[in-house]
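Engineer: What follows is each chain in one-letter form.
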Amino acid sequence: MTSLPTHTDRKLGLVIDLDTCVGCHACVIACKGWNTEHYGAPLSDQNPYGEAPSGTFLNRVHSYEVLPDSGEAQVFHLPKSCLHCEDAPCVTVCPTGASYKRVEDGIVLVHEDDCIGCGLCAWACPYGAREMDAAERVMKKCTLCVDRIYNENLSIEDREPACVRTCPAGARHFGDFADPDSNVSALISERGGIDLMAEQETRPVNKYLPPRTKDHFDEQIDVLAPLLVPVAREPEGFMRWLDGALGKLDGRSVRET
Amino acid sequence: MHPAPSIILFTVLSGMGFGLLFFLGLGFGSTGSIALVFFVLAFLLSTGGLLASTFHLGHPERALKAFSQWRTSWLSREGCCAVFALVVMTILAAGRVFSAAHWSWIGWLGSTFCVATVLTTSMIYAQLRTVPRWNSALTPSLFLAYAASGGALLVGELDWARLLLAITAGIQLAWWLRGDRALHHSGTSLKTATGLGAIGNPRSLESPHTEANYLTREMAFVIARHHAKLLRLVAAILAFALPLILLSLPHSHLIAAFAVLLHTLGALVSRWLFFAEAEHVVSFYYGVR
Chain V
85 MTSLPTHTDR KLGLVIDLDT CVGCHACVIA CKGWNTEHYG APLSDQNPYG
135 EAPSGTFLNR VHSYEVLPDS GEAQVFHLPK SCLHCEDAPC VTVCPTGASY
185 KRVEDGIVLV HEDDCIGCGL CAWACPYGAR EMDAAERVMK KCTLCVDRIY
235 NENLSIEDRE PACVRTCPAG ARHFGDFADP DSNVSALISE RGGIDLMAEQ
285 ETRPVNKYLP PRTKDHFDEQ IDVLAPLLVP VAREPEGFMR WLDGALGKLD
335 GRSVRET
Chain L
63 MHPAPSIILF TVLSGMGFGL LFFLGLGFGS TGSIALVFFV LAFLLSTGGL
113 LASTFHLGHP ERALKAFSQW RTSWLSREGC CAVFALVVMT ILAAGRVFSA
163 AHWSWIGWLG STFCVATVLT TSMIYAQLRT VPRWNSALTP SLFLAYAASG
213 GALLVGELDW ARLLLAITAG IQLAWWLRGD RALHHSGTSL KTATGLGAIG
263 NPRSLESPHT EANYLTREMA FVIARHHAKL LRLVAAILAF ALPLILLSLP
313 HSHLIAAFAV LLHTLGALVS RWLFFAEAEH VVSFYYGVR
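So the protein sequences, as listed, match chains V and L.
If you count the first sequence from 1, position 223 lands on 307 in the numbering used here, and the numbers rise without skipping.
If you count the second sequence from 1, position 107 lands on 169 in the numbering used here, and the numbers rise without skipping.
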């Protein structure tokens, strides 16, 4: 059935640290590499070496510039994959029962043999987490590497999603949100987890850690800092004299503005 | 949203077909050979539309599985209602055509399921919070109104057709006006999409990929909106204004057929806009809307 479980025993998911992510896309490549060879249909590419390459990915990294009310713009990288929502709208719209949310751990999966490729689940997802594979014509999505996390053939440190295992910045964390003592629960209670598009009421399991506030010093602690100001605001020496002389003529001295 | 021709054809044609079946179920459309023509037309439109809708499936050979999830999925409910309505209407048609029998309770049952089919079709779109322009009770009203006015035109009940065309025009206008404010009122923006709104105003700096992908092709279809206002005018003239003028002329079959044709063209333009103008919230991630 495509009805959602009222309760899942565990809530496995990811914490992604927007403060730490450097936007290297290693998680994208690790995801594509693992998932094209293991669970379900491979993630195909269309025209990969041509003019307009396209392909199926379960994880993508967007980059944003945020302009605060005052101060300089800041750049953030936002890796985005399935958030394994508790109220997953993609599951209930499925006409065949191919999409389901697991009771034991909350992972949202697709039974590819039952998928008719109607694409309605991708329409229902606000995050763009589902992509129809153009070669296999079935819906692909993040499995939370269900074939790694329980895989006893892998060494214990490899039993986590490929994106988490590979992240060189330590920006991705995997764990059980239902366990208040887990690593991910500790992170969100310490830093505060963000729900993407909370107003869509999907209740995502994956959380994003907000960027830390920038360090700010009221007092000047670096004696060299005044010499390192990137943009000169005050003219010095001859330029100072010239500015004053010209300012007397046109009334537009730099120092007065 | 990408305006897929198969879905536009399906929703318009099968809507009109089920609208015609609705009126036939209520007892309109005579008996014998005249009824045969009406029923054949209705079945062609409704089943033809249903077949067209399978063209956009990745695996149409598994389509039977889509009847299984009627308890949760509007798409599954649509399939179930459509098949049930067509079966009941086939029984009704046999009686009407071959023995001039008016089995009124079968007709009522069939008509009810014709309404249910169009309603469930519209709910596939209306249920989606991700597309604020569709996420409204006006969407089922719009689909039902188009189906009813198309059905009245096809069955030749001109008084009903005039009334329903006027009502549909009103709902269409209300749907357009509400739709233009829907995305803003949904509260979703790039600020909520990124969770970075507390810091300031985000803008997309770099896309995850250099070329189009499934998401941008399917859900970030923005090129059509350029001429949307003009196309709305075209749709309104074709679907409502011209048919209403034609219906006020002295009655002839040729004029009625022309009115049906113009209305269908207008409905197709309107349904194309229904998809092309609709904004999916995932577009925010790509810095468009």
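Take these hints with a grain of salt, some might be off.
What the hints assert, rightly or not - Residues on chain V that point at chain L, a partial pick, calculated with CB under 10 Å:
hint, residue
1, HIS122
2, ALA182
3, MET216
4, GLU285
As the list claims (entries may be wrong) - Label-pair ranges, simulated between beta-carbon atoms:
hint, chain 1, residue 1, chain 2, residue 2, range
5, L, ARG287, V, LEU312, 25 to 33 Å
6, V, GLU135, L, ILE317, 51 to 59 Å
7, V, ARG243, L, HIS118, 34 to 42 Å
8, L, HIS246, V, VAL338, 54 to 62 Å
9, L, GLY110, V, ASP197, 43 to 51 Å
10, L, ALA290, V, ASP242, 50 to 58 Å
These are calculated hints, taken from the structure and not from any lab test.
This structure is a prediction, so every number in the text was calculated from the model and none was measured.
We put the CB at the ideal spot given by N, CA and C, even for glycine.
Engineer: Give a verdict on every hint.
Structural biologist: Hint check results:
Against a cut-off of 10 Å between C-beta atoms, the interface hint on HIS122(V) is violated, since the closest Cβ of chain L lies about 21 Å away. The interface hint given for ALA182(V) is met, as the beta carbon of that residue sits about 8 Å from the closest beta carbon of chain L, less than 10 Å. Among the interface hints, the one on MET216(V) holds; its C-beta lies about 5 Å from the nearest C-beta in chain L, closer than the 10 Å criterion. Interface restraint check: GLU285(V) against chain L, minimum CB-CB distance 8 Å, threshold 10 Å, status holds.
Against the hinted window of 25 to 33 Å, the Cβ-Cβ separation of ARG287(L) and LEU312(V) comes to about 49 Å, which falls outside the hint. The beta-carbon spacing between GLU135(V) and ILE317(L), approximately 52 Å, falls within the hinted interval of 51 to 59 Å. Checked against the hint of 34 to 42 Å, the C-beta distance between ARG243(V) and HIS118(L) comes to roughly 39 Å, which is consistent with it. A hinted range of 54 to 62 Å is violated for the C-beta pair HIS246(L) and VAL338(V), which are about 44 Å apart.
A hinted range of 43 to 51 Å for the beta carbons of GLY110(L) and ASP197(V) is inconsistent with their spacing of about 29 Å. Taking 50 to 58 Å as the suggested C-beta distance range, the pair ALA290(L) and ASP242(V) conforms, at roughly 52 Å.
The structure fails to meet hints 1, 5, 8, 9 from the earlier list, while all remaining hints are met.
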